[in-house]
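Trainee: Starting from the structure of chain A, add chain B where the hints point.
2 protein chains.
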Amino acid sequence: MPLPEIKTVSFAGSGNVASNLAPALKRAGLVIRNVCSRNLHHASALAAIVNALPVESLEDLRMDTDLLILALPDKAIPDIAIDLRRSGRFKGIVAHTSGSLSLDVISRQGLQGGVFYPLQSFTKHSSPDIAKVPFCIEGTSSEIEIALAAVARKLSSDVRFLDSLQRASIHLAAVFANNFTNYMYAVADCLLANCDVNPDILLPLIQETALRLKGGDAAQLQTGPAVRADWPTIDQHLELLKQNPELAEVYKLISSHIVKLKNSGKAC
Amino acid sequence: MPLPEIKTVSFAGSGNVASNLAPALKRAGLVIRNVCSRNLHHASALAAIVNALPVESLEDLRMDTDLLILALPDKAIPDIAIDLRRSGRFKGIVAHTSGSLSLDVISRQGLQGGVFYPLQSFTKHSSPDIAKVPFCIEGTSSEIEIALAAVARKLSSDVRFLDSLQRASIHLAAVFANNFTNYMYAVADCLLANCDVNPDILLPLIQETALRLKGGDAAQLQTGPAVRADWPTIDQHLELLKQNPELAEVYKLISSHIVKLKNSGKAC
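If you read the sequences in order, they're chains A and B. FYI, numbering that gives the first Met the number 0 numbers position 237 of the first sequence as 236, with every residue one higher than the one before it. FYI, numbering that gives the first Met the number 0 numbers position 19 of the second sequence as 18, with every residue one higher than the one before it.
Just chain A, same shape as in the assembly (with noise of 0.2 Å):
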């Protein structure tokens, strides 16, 4: 039998996950009842926005709330959910939003629930685009499943059904396709500030190299001097980083990664 369709909702945390998440939530029809949160200044401003009662504790949490959750660092869910367990009073649904943790995290404690999380970096500088936001979605069983589902699609056209460890191996590649190429956007506007050079000059490029990008065919867009064997090129690239042996190794190891991936066509 179907779950009952999921209309309250209460957050633990009130960073950049919950804030994207709950107003997206209540603009969708979802209430939102508590926005919980050791600082209560914190739980306050976000609680205001989503017309929510602002709460400190656990305890305090309204405990007839269909879902409770959880968007909190890795390190600090593990135990609310023994918390929760141990106090035995809250009977919703519980769902965490991270990518690494598995689902035994909740679990283990014997609690319903599951997994909610949504594959986009959340950051004080920017909004992404909700709708567009891919959500994975894990449940206890296929009906916790199917009702988390219901609550991300009011959200976003992007829902999808995967295991803890297919959730961990996105988030692995997630690390790769942003935090890693972040780095190597950062260390291009160091190179180009030391010749004083303006960095938005990158900017068109850097966008179209990743506006182009259909899914799954990074591999064959490969361009630059190492898939195509230019060696003046790289030996000049090296010299201009020979004051910077750590970024010529950086330089080197990445190319060398490059031309194995051409003439093996795989890059893992």
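Hint data in this document are derived by calculation from the structure and do not stem from the laboratory. Hints should not be assumed to be uniformly reliable.
Intra- or inter-copy, both count: the list cannot distinguish identical chains.
[As the list claims (entries may be wrong)] Only pairs whose alpha carbons sit at most 30 Å apart, straight line, appear in this in silico DSS-like list of lysine-lysine: (1) K74 / K265; (2) K261 / K74; (3) K251 / K153; (4) K241 / K153; (5) K213 / K241; (6) K90 / K213; (7) K213 / K251; (8) K241 / K251; (9) K153 / K259; (10) K6 / K265; (11) K251 / K74; (12) K25 / K259.
Mentor: Chain B only, in chain A's frame:
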């Protein structure tokens, strides 16, 4: 005294750069006289698009043309410059489109000319908006720089005067910001394919990471487990990569640089 306006252009080369620039110049009102390629079939295909005459040899170019653009691989350009000097018949401006090659390849042959470098990745797979492509201009005289910049200004709103060392640094920075990021996308694609996740799941994140940059602010936008010293997640990722020690090496090296970036504030 400023040079007369450049109104007629020929191309040596018919690859991706010429195939993007020639039609854009024609649309901007310039006359494309010749497209020269050792492969007459390629020359003819582009020439037909821009209403030009295809030729197989530099000797067959119309010599009364204002500008000859050398849109060729780096390794071909020095010899072409030597040929033009020896023949002595071409009296117009000669400009190459390379990021890496110095102005010297033109000036040391006594040619009047310079560099007309569009900082963008032109491939068969994409047609970037030429109006936003940064053009890097350098000339053997300031009059020639002005004349080349006037041509670039008909194509793009972003035209910059930059010397050969700056241009080489831009090209190096672009390898980090474009080629190395694309490699990271290829790794991510592969990791996802290995666990049966459609790699298109990463596209919104990749695009957000690229589009939120404003130029020069990537270091401040760095996120991920390394920058927040999230060792349990890093350990989990290295465990996921244990069958792939080469990728684990990339993961560790880039993560260690992100930690240094956080501590020092400098990426180079």
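Trainee: Now tell me, hint by hint, if it's right for this structure.
Mentor: Verification of the supplied hints:
Taking the shortest alpha-carbon separations for K74 and K265, only the inter-copy value of 28 Å comes in at or below 30 Å, while the best intra-copy value is 34 Å. Taking the closest pair of Cα atoms, K261 and K74 come within 30 Å of each other only across two copies (21 Å); inside a single copy the shortest separation is 39 Å, beyond that limit. Taking the shortest alpha-carbon separations for K251 and K153, neither the intra-copy value of 46 Å nor the inter-copy value of 39 Å comes in at or below 30 Å. Taking the shortest Cα distances, K241 and K153 never come within 30 Å of each other, neither inside one copy (53 Å) nor across copies (38 Å).
In this assembly of identical chains, the alpha carbons of K213 and K241 lie at most 30 Å apart only when taken from different copies (28 Å versus 36 Å within one copy). When the C-alpha separation of K90 and K213 is checked against a cutoff of 30 Å, the pair qualifies neither within a copy, at 42 Å, nor between copies, at 46 Å. Proximity of K213 to K251 under the C-alpha cut-off of 30 Å is found in both arrangements, the shortest distances being 28 Å within a copy and 28 Å between copies. With identical chains, the CA atoms of K241 and K251 are at most 30 Å apart both within one copy (12 Å) and between copies (22 Å).
With identical chains, the CA atoms of K153 and K259 are never at most 30 Å apart, being 43 Å at best within one copy and 41 Å at best between copies. Taking the shortest alpha-carbon separations for K6 and K265, neither the intra-copy value of 46 Å nor the inter-copy value of 47 Å comes in at or below 30 Å. Taking the closest pair of Cα atoms, K251 and K74 come within 30 Å of each other only across two copies (21 Å); inside a single copy the shortest separation is 35 Å, beyond that limit. In this homomeric assembly, K25 and K259 never come within 30 Å of each other (Cα to Cα): the closest approach is 49 Å inside a single copy and 40 Å across copies.
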